[in-house]
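> If you're matching them up, the sequences are chains A and B in order.
Going by numbering that gives the first Met the number 0, the first residue of the first sequence is number 0, and it counts up by one from there.
Going by numbering that gives the first Met the number 0, the first residue of the second sequence is number 0, and it counts up by one from there.
DSS-like mimics (lysine-lysine), calculated; alpha carbons at most 27 angstroms apart, straight line:
{"id": "1", "chain 1": "B", "residue 1": "LYS158", "chain 2": "B", "residue 2": "LYS148"}
{"id": "2", "chain 1": "A", "residue 1": "LYS77", "chain 2": "B", "residue 2": "LYS231"}
{"id": "3", "chain 1": "A", "residue 1": "LYS172", "chain 2": "B", "residue 2": "LYS291"}
{"id": "4", "chain 1": "A", "residue 1": "LYS44", "chain 2": "B", "residue 2": "LYS262"}
One side only, chain A facing chain B, incomplete, derived with CB under 10 angstroms:
{"id": "5", "residue": "LEU5"}
{"id": "6", "residue": "ALA20"}
{"id": "7", "residue": "PHE47"}
{"id": "8", "residue": "THR157"}
{"id": "9", "residue": "ASN158"}
{"id": "10", "residue": "ARG160"}
{"id": "11", "residue": "PRO161"}
{"id": "12", "residue": "GLU162"}
{"id": "13", "residue": "TRP185"}
{"id": "14", "residue": "ASP189"}
{"id": "15", "residue": "ALA192"}
It should be emphasised that the hints constitute simulated quantities derived from the structure, not laboratory data.
No residue lacks a Cβ here, since even glycine has one placed at the ideal position from N, Cα and C.
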Amino acid sequence: MSMDYLDILESEAIYMLRETAAQFKRPVLLFSGGKDSICLVHLCKKAFFPAKFPFPLMHIDTGHNFPEALEFRDALVKELEENLIVRMVEQTMVNKGIKDLDHKFPSRNAFQSFTLLEAIAEFNFDACIGGARRDEEKARAKERVFSLRDTTGKWNPTNQRPEVWNIVNGFLKEGENMRVFPLSNWTELDVWAYIQRENISLPSLYFAHERTCIKTSEGHLMNVNEFVKVSPLDEVITERVRYRTVGDMTCTAAVKSSASTVAQIIEELKISKISERGATRIDDRISETGMEDRKKEGYF
Amino acid sequence: MKLIRLFTAGNVDDGKSTLIGRLLIDSGAVSTDIIQGLTKANELGSEKSEIDLAFLTDGLKAERELGITIDVAYKYFSTHTNKFIIADTPGHWEYTRNMFTGASLCDVAIILVDVTIGITEQTKRHALIASILRVKQIVFAINKMDLIKYDEAVFEEMKTALLDLSYKVRIISPTVLPISALKGENVVHKSAVFSWFKGPSLFDYLENCPQEKELESTRMRFQVQYLIHANKSIGYAGRIDQGDFRVGQALLLLPKGQNLVIKEIIHNTQSVKLAESGSAVSLYFTNEPEIKRGDILTDLEKPPRIGNQFTADICWMSEANSDFQTNYIIQIGTRTLSAKLVCIHEKRLENRTISDNLMLNDIATVDMITDTEVVFDRFEDAKSTGSFILIDPVLFTTIAAGIII
Ligand SMILES: Nc1nc2c(ncn2[C@@H]2O[C@H](COP(=O)(O)OP(=O)(O)O)[C@@H](O)[C@H]2O)c(=O)[nH]1
Numbered sequence: 000m001s002m003d004y005l006d007i008l009e010s011e012a013i014y015m016l017r018e019t020a021a022q023f024k025r026p027v028l029l030f031s032g033g034k035d036s037i038c039l040v041h042l043c044k045k046a047f048f049p050a051k052f053p054f055p056l057m058h059i060d061t062g063h064n065f066p067e068a069l070e071f072r073d074a075l076v077k078e079l080e081e082n083l084i085v086r087m088v089e090q091t092m093v094n095k096g097i098k099d100l101d102h103k104f105p106s107r108n109a110f111q112s113f114t115l116l117e118a119i120a121e122f123n124f125d126a127c128i129g130g131a132r133r134d135e136e137k138a139r140a141k142e143r144v145f146s147l148r149d150t151t152g153k154w155n156p157t158n159q160r161p162e163v164w165n166i167v168n169g170f171l172k173e174g175e176n177m178r179v180f181p182l183s184n185w186t187e188l189d190v191w192a193y194i195q196r197e198n199i200s201l202p203s204l205y206f207a208h209e210r211t212c213i214k215t216s217e218g219h220l221m222n223v224n225e226f227v228k229v230s231p232l233d234e235v236i237t238e239r240v241r242y243r244t245v246g247d248m249t250c251t252a253a254v255k256s257s258a259s260t261v262a263q264i265i266e267e268l269k270i271s272k273i274s275e276r277g278a279t280r281i282d283d284r285i286s287e288t289g290m291e292d293r294k295k296e297g298y299f
Numbered sequence: 000m001k002l003i004r005l006f007t008a009g010n011v012d013d014g015k016s017t018l019i020g021r022l023l024i025d026s027g028a029v030s031t032d033i034i035q036g037l038t039k040a041n042e043l044g045s046e047k048s049e050i051d052l053a054f055l056t057d058g059l060k061a062e063r064e065l066g067i068t069i070d071v072a073y074k075y076f077s078t079h080t081n082k083f084i085i086a087d088t089p090g091h092w093e094y095t096r097n098m099f100t101g102a103s104l105c106d107v108a109i110i111l112v113d114v115t116i117g118i119t120e121q122t123k124r125h126a127l128i129a130s131i132l133r134v135k136q137i138v139f140a141i142n143k144m145d146l147i148k149y150d151e152a153v154f155e156e157m158k159t160a161l162l163d164l165s166y167k168v169r170i171i172s173p174t175v176l177p178i179s180a181l182k183g184e185n186v187v188h189k190s191a192v193f194s195w196f197k198g199p200s201l202f203d204y205l206e207n208c209p210q211e212k213e214l215e216s217t218r219m220r221f222q223v224q225y226l227i228h229a230n231k232s233i234g235y236a237g238r239i240d241q242g243d244f245r246v247g248q249a250l251l252l253l254p255k256g257q258n259l260v261i262k263e264i265i266h267n268t269q270s271v272k273l274a275e276s277g278s279a280v281s282l283y284f285t286n287e288p289e290i291k292r293g294d295i296l297t298d299l300e301k302p303p304r305i306g307n308q309f310t311a312d313i314c315w316m317s318e319a320n321s322d323f324q325t326n327y328i329i330q331i332g333t334r335t336l337s338a339k340l341v342c343i344h345e346k347r348l349e350n351r352t353i354s355d356n357l358m359l360n361d362i363a364t365v366d367m368i369t370d371t372e373v374v375f376d377r378f379e380d381a382k383s384t385g386s387f388i389l390i391d392p393v394l395f396t397t398i399a400a401g402i403i404i
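Construct the entire structure; sequences and hints are all you get.
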């Protein structure tokens with residue numbers, strides 16, 4: 000008998016979650032309401048069954064989240080009876096006197112890292128579990144499952160700890176912090192295949208629905224909402240769309256789609272030729288090394 | 000669908016990045032926006048107009064500037080039958096440790112050789128690493144065949160030399176293939192230029208690889224990772240390293256030496272009768288014994304050894320040299336204790352001189368002594384209880400990786 004690849008990925012992720020619970024004093028699971036973190040929650044249920052999670056969940060809320068994602072988050076936490084911490088990026092902005100960017104699509108992603116670092120300090124967290132995957136981006140492709148952040152919260156890509164076999168070194172010096180990525184070896188398609196197999200429910204945003212959007216000059220479909228300045232020159236259209244990632248309403252683009260079930264989404268993905276970030280994140284496209292720069296600054 | 004982990008090795012400029020780019024693009028794993036991005040990124044620096052396949056894997060800015068692959072980059076692609084994880088490991092001698100890291104979990108090693116250059120010190124080094132890590136399937140891909148007009152005689156000559164090298168480093172029956180990564184000949188598709196070659200394309204070879212399964216052994220191994228306290232009972236959580244575990248089976252708890260019988264196995268929130276090697280489970284026992292993280296459950300017939308001394312092949316990964324005084328932290332699976340180096344037998348590479356310390360990227364056979372007794376296996380018998388890392392006791396960096404022999 001030999002295990003299916005999804006069984007192997009699942010078992011590896013559970014192994015990493017248990018290592019995190021065992022090696023750290025105060026871990027936290029960063030929960031965004033997106034499909035990757037929903038999968039992580041599902042894996043935690045298995046990893047620690049029948050006990051409750053040995054760590055809280057935390058959401059760094061930009062204030063620009065889709066209402067559907069927030070509703071889903073609250074319902075899930077209630078169902079699980081787990082502890083959720085929410086910290087608002089707006090609060091950091093008020094404290095630091097930061098104003099929203101004067102952009103057509105004012106992203107708060109750049110400020111998110113401040114709030115995260117503040118929350119880490121507030122609760123003394125020593126490990127943050129996240130749903131990032133190596134297939135998302137070139138810089139991520141080199142990141143370890145246990146990825147060290149220095150005392151200022153920065154990632155140093157040139158000095159990573161070798162991760163040999165499945166032995167993970169979680170020792171920390173004063174002020175250091177670990178990021179843990181149990182889904183490192185999953186691809187977008189693996190995540191969807193897992194959602195299908197495990198019958199995991201997701202926010203409605205992930206499935207095709209009618210939405211009024213601005214079509215940008217690059218062809219991105221941006222949701223019309225109170226944070227986005229619509230000008231008379233904009234091409235505003237109503238389309239059947241779905242989201243491939245659920246980030247900020249201001250900078251996450253929808254994709255045209257008629258896929259209303261997980262199976263249909265998987266079919267669409269198999270024939271689609273645009274990467275997940277390329278399709279949906281307008282802020283990462285700014286520079287070739289966009290992600291690496293943001294990670295060095297402490298972005299998750 | 001199977002999961003196959005492979006790594007690519009070879010000297011700098013032998014064409015590793017080009018080969019991976021080729022595998023990803025020709026198998027359809029790369030998105031069009033990324034291909035466009037590659038063309039854009041290229042225009043900045045170089046004159047070349049065709050896309051540079053190597054850009055697909057050389058991700059980090061520092062690497063971009065130096066034009067070399069510094070760290071292991073993981074890439075993924077799937078076919079109908081397999082999901083592949085490629086560890087793209089750096090070729091330079093300075094990055095032997097990264098190479099060791101990337102190779103550590105792999106089922107398949109692809110070692111590239113530039114046909115116009117032939118076998119180099121790096122080829123030998125990489126073959127040795129693959130051999131030490133007991134990589135099951137080793138392929139030598141003789142690359143840049145286009146530069147010698149796909150000449151069969153040159154290929155055969157180099158193949159003989161590679162088989163000779165394999166014999167010396169104890170690699171059993173490697174596969175040798177001719178390719179041109181740049182032109183895509185015999186990478187994904189079989190091609191007419193190699194009409195004389197009867198073997199498979201590299202891709203066909205990979206498609207038919209067996210997935211890493213438990214070693215052909217009757218040994219059962221389970222390391223306790225974490226204790227789950229619930230409903231007044233304790234579940235001992237961990238991943239089965241090898242063997243199939245059944246309810247009712249008698250096990251030996253080490254280092255205590257106590258006999259136990261499995262009462263229940265929980266796998267994914269379900270109670271199951273049988274859990275196979277590789278599964279993340281939690282085990283329950285009647286009259287709860289005292290078990291802690293790091294304890295090991297094994298079969299009764301072929302248990303691991305217990306002691307405070309062993310011999311190992313290690314790869315030194317730190318800029319600081321080793322010494323015989325420091326109490327290093329040793330982590331074997333889920334256990335951490337303190338250990339010292341007591342003797343360096345031989346360096347396993349080009350400079351075979353024995354010396355007092357190990358330097359960055361040295362691979363050597365050493366004796367180690369631990370402060371308390373530890374349960375261990377020979378790597379050949381059980382990978383997870385036969386491998387370890389050493390951690391600097393002050394900086395907490397990972398400074399070596401070892402295999403118990
Ligand atoms: N003629 C020829 N050139 C190749 C081939 N494969 C790679 N190259 C070239 O060799 C150089 C080094 O390749 P690269 O993939 O960066 O090597 P790496 O350092 O091993 O990753 C590049 O200029 C490639 O275009 C091949 O099959 N034929």
